[in-house]
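Chains as they are written, first to last, in this note's numbering: chain B, 1 to 485; chain R, 486 to 530.
Bear in mind the hints are in silico, worked out from the structure with no lab data behind them. Keep in mind that the hints are not guaranteed to be accurate.
Claimed, not checked - In silico DSS-like pairs for lysine-lysine, Cα to Cα no more than 27 Å straight-line:
hint, chain 1, residue 1, chain 2, residue 2
1, R, Lys514, B, Lys233
2, B, Lys422, R, Lys528
3, B, Lys442, R, Lys528
4, B, Lys304, R, Lys528
5, B, Lys422, R, Lys492
6, B, Lys396, R, Lys514
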Amino acid sequence: MSKIVILGAGISGHVAAAHLRRKLPKDHEVVVVSPNSNYQWIPSNIWVGIGRMKSEKILFPLAPLYKKKNIGFKQAKAISFFPEGDKEEQKPYVLSEYVAGDKKGQLEKVTYDYLINATGPKLNFEATEGLIPGTNKTYSVCTYTHADHAWEGLNALIQEMKKGKKAKILIGTGHAKSTCQGAAFEYILNVEHELHRHNVRDMAEITWVANEYKLGDFGMDGMLLSYGGMTMKSSEMVEMVFEDRGIKWITGAAVNKIEDGVAHYENLEGEYKTESYDFAMLIPSFSGHGFKAYDKNENDITEKLFRGFMIVDADYTVKPYEDWSVQDWPETYQNPTYKNIFAPGIAFAPPHSISKPRKSKNGTDITPAPPRTGMPSGITAKIVADNIIDSIKNGKESLNHKGSMGNMGAACIASAGFGMTKGSGVSITTFPIVPDYEKYPKTQGRQLSKTFGEIGLAGHWLKLALHYAFIYKAKMKPFWWLIPE
Amino acid sequence: MTERISKYQRFKMMNPIIQFFKFIYLSIKIMFIVAGGHGGTRKVN
Numbered sequence: 001m002s003k004i005v006i007l008g009a010g011i012s013g014h015v016a017a018a019h020l021r022r023k024l025p026k027d028h029e030v031v032v033v034s035p036n037s038n039y040q041w042i043p044s045n046i047w048v049g050i051g052r053m054k055s056e057k058i059l060f061p062l063a064p065l066y067k068k069k070n071i072g073f074k075q076a077k078a079i080s081f082f083p084e085g086d087k088e089e090q091k092p093y094v095l096s097e098y099v100a101g102d103k104k105g106q107l108e109k110v111t112y113d114y115l116i117n118a119t120g121p122k123l124n125f126e127a128t129e130g131l132i133p134g135t136n137k138t139y140s141v142c143t144y145t146h147a148d149h150a151w152e153g154l155n156a157l158i159q160e161m162k163k164g165k166k167a168k169i170l171i172g173t174g175h176a177k178s179t180c181q182g183a184a185f186e187y188i189l190n191v192e193h194e195l196h197r198h199n200v201r202d203m204a205e206i207t208w209v210a211n212e213y214k215l216g217d218f219g220m221d222g223m224l225l226s227y228g229g230m231t232m233k234s235s236e237m238v239e240m241v242f243e244d245r246g247i248k249w250i251t252g253a254a255v256n257k258i259e260d261g262v263a264h265y266e267n268l269e270g271e272y273k274t275e276s277y278d279f280a281m282l283i284p285s286f287s288g289h290g291f292k293a294y295d296k297n298e299n300d301i302t303e304k305l306f307r308g309f310m311i312v313d314a315d316y317t318v319k320p321y322e323d324w325s326v327q328d329w330p331e332t333y334q335n336p337t338y339k340n341i342f343a344p345g346i347a348f349a350p351p352h353s354i355s356k357p358r359k360s361k362n363g364t365d366i367t368p369a370p371p372r373t374g375m376p377s378g379i380t381a382k383i384v385a386d387n388i389i390d391s392i393k394n395g396k397e398s399l400n401h402k403g404s405m406g407n408m409g410a411a412c413i414a415s416a417g418f419g420m421t422k423g424s425g426v427s428i429t430t431f432p433i434v435p436d437y438e439k440y441p442k443t444q445g446r447q448l449s450k451t452f453g454e455i456g457l458a459g460h461w462l463k464l465a466l467h468y469a470f471i472y473k474a475k476m477k478p479f480w481w482l483i484p485e
Numbered sequence: 486m487t488e489r490i491s492k493y494q495r496f497k498m499m500n501p502i503i504q505f506f507k508f509i510y511l512s513i514k515i516m517f518i519v520a521g522g523h524g525g526t527r528k529v530n
């Protein structure tokens, strides 16, 4: 009998738990440790943040589902890792602290045979001075509670605009190394669309501020894509959408300080500038959770497990951008030192960024971090689960399931406005996520037949269909496993 | 505001009948790209 412990119940952790439970006999134990009591479908936070969807529609409680499916659940947060056990405990374990219920505050050594670290990112708001959701007129849509607050702030501003107030809205990234430009891109288009719906679009100046070198970089070095029978750059496509909607943009900007209604930033020219606003939604940088790890004798071995995020089978050799390769990216998400530990989704440490690194004239690194959210999170979690299942069934390590982001497709269905007849979406697919310049040298590292963009009402329907499909899947309703990650 | 998307293009983007077929087409195409397989990138000796 094996015990598999999964840290985190986001997209990655939940997908891994679901597949493990479905495919492993009941005598094997699957336990999820997460400080969150609810599962949330994060991509729909955008609609919560514009008041078009209630946060209850994008979440459900985990405990009843896990009980029904025979998955153990501890509402606790991981504190530190003991992959060799300690002097008293022979088995490897994660020291965890309960955050709710009768056991709140209690510590427990959660032992395991296999560990899946799916803790995702820490939303590192403190890396940008003054960037605190709900203060200084800045908001976030990274969680459903943040998105609820964002809608409260935006709605208050809309009411003021209806009374004649002219307003400035700033949306984008709040740090030199933020990722998830796609979420901010969706939000700015949705906010613009909602202002039209409330008949106050003329009262607002909307500005995009981001750390990306060019529009449409999305932390993936931009892309060449097919659009309407033409081949165009993602920067041209996003520029077309922004110009058409009257959205201004500032790129190559490292937001470094927020004051009440003022964002301070440095650009690649090394200039220090400010942008005032009445409402801002800025994505923070992501970081690891600062976990510590210890060996059997309680010596600190954190560097064997973590470099910010968790170390996996990537090539972490420091080399110039010109020497980067898809082979640098991990395939199995297995820790090289402790082979029973895996880190899918955002929890793994990427070997480097995907976008070309750039520094300002003052030496500030202004480079988007690589995105690993959404579909890649789900796919890598399933790969890890399948390898663990095979290893348990075969009685020896099996790593036949592989999925490098350099050989994996992803779809970004970006909502551009909510509404069954008036809504819109920008659908972008890319293959592979990490450009493979050897395989596709003439098309900027991507396969053009699988890298395309579409704009229109169908994109909104698609995003809505995915919302319902993935929540159905997450609730593990009949035949949920037929829906791909 | 600069009209970068022509009225005809906008009509096509927002016409429910055209977009219904686009929805079906996109759903299938995206399914093939995302669920159509993934793998490693390193050569196995």
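Each hint tested on the structure:
Between R:Lys514 and B:Lys233 the alpha-carbon distance is near 20 Å, which keeps this suggested pair within the 27 Å criterion. Proximity of B:Lys422 to R:Lys528 is assessed by CA-CA distance (about 49 Å); at most 27 Å being required, the pair is judged violated. Of the supplied pair hints, the one linking B:Lys442 and R:Lys528 holds, its CA atoms being roughly 23 Å apart against a limit of 27 Å. Distance check on the hinted pair: B:Lys304 and R:Lys528 sit about 26 Å apart at the alpha-carbon level, within 27 Å; holds.
For the proposed pair B:Lys422 and R:Lys492, the alpha carbon gap of about 15 Å is at most 27 Å, so the pair holds. About 38 Å separates the Cα atoms of B:Lys396 and R:Lys514, which puts this hinted pair outside 27 Å; it is violated.
Consistency with the previously given hints fails for numbers 2, 6, ordered from lowest to highest.
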